[in-house]
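Colleague: Based on the provided sequences and hints, a complete structural model is requested.
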Amino acid sequence: IAGITQAPTSQILAAGRRMTLRCTQDMRHNAMYWYRQDLGLGLRLIHYSNTAGTTGKGEVPDGYSVSRANTDDFPLTLASAVPSQTSVYFCASSEGGGSTDTQYFGPGTRLTVL
Amino acid sequence: GESVGLHLPTLSVQEGDNSIINCAYSNSASDYFIWYKQESGKGPQFIIDIRSNMDKRQGQRVTVLLNKTVKHLSLQIAATQPGDSAVYFCAENRISSASKIIFGSGTRLSIRP
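Chains as they are written, first to last, in our numbering: chain A, 1 to 114; chain B, 1 to 113.
Don't read these hints as lab results, they were simulated from the structure.
Quick caveat: nothing in here was measured; it's all calculated off a predicted structure.
Warning: the hint list may mix true and false statements.
What the hints assert, rightly or not - In silico DSS-like cross-links for lysine-lysine, where the CA-CA straight-line distance does not exceed 30 Å:
no.	chain 1	residue 1	chain 2	residue 2
1	B	68	B	56
2	B	56	A	57
3	A	57	B	100
4	A	57	B	71
Modeller: Below, the structure is given as structure tokens:
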């Protein structure tokens with residue numbers, strides 16, 4: 001069982017380009033999340049999905065979009081990347097979307113926007 | 001405002017000693033707290049959690065203490081090992097709400113041989 005996989009591992013992107021970060025889980029978890037992690041800051045929630053077909057905005061959603069067409073996949077799209085989106089992005093999943101459901105994290109994608 | 005933060009950004013501990021990592025929170029409505037460990041190049045990993053109706057909870061080599069009076073929680077690691085080197089995050093949430101977890105900024109734990 002792989003758990004959560006993310007792709008790519010790292011990416012350097014020119015400003016203004018479109019980019020989709022991929023996230024797949026094989027645990028049949030209902031809820032999935034996208035976080036960004038910046039130096040000196042904790043993880044900040046970008047978007048989440050409590051179940052397939054639904055999404056919600058987190059703390060820092062601007063400039064990002066997500067979709068949840070099925071249980072396993074939760075891609076994060078940057079429509080027009082800007083340098084401030086340089087960060088490490090983590091995808092996570094939990095069995096349910098409840099406040100006490102343990103979240104399991106992927107290995108992260110390091111994104112640099114020039 | 002709401003914040004979850006740490007007293008110290010770094011902590012250096014002798015191998016074999018006990019480690020204590022501290023965390024302060026400001027939202028008195030928070031009633032669920034979690035500690036995560038993040039090793040270099042990896043995603044965060046759940047360590048232990050505690051609800052506000054408890055003051056202490058123990059796991060394998062780890063203990064979390066919660067002091068609601070001063071809005072403080074700590075993670076104690078017994079007999080610290082080289083594999084404990086990581087960044088440790090506390091996080092908080094409110095059980096009865098639809099809110100999502102808020103993470104603190106983390107403490108880096110380094111182990112001296």
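Colleague: Give a verdict on every hint.
Modeller: Checked hints:
Our distance criterion of 30 Å between C-alpha atoms is met by residue 68 of chain B and residue 56 of chain B, whose separation comes to about 11 Å. A distance of roughly 33 Å separates the Cα atoms of residue 56 of chain B and residue 57 of chain A; the hinted pair therefore is violated under the 30 Å criterion. Distance check on the hinted pair: residue 57 of chain A and residue 100 of chain B sit about 10 Å apart at the alpha-carbon level, within 30 Å; holds. Our distance criterion of 30 Å between C-alpha atoms is met by residue 57 of chain A and residue 71 of chain B, whose separation comes to about 28 Å.
Checked against the numbered hints given earlier, this structure breaks only hint 2.
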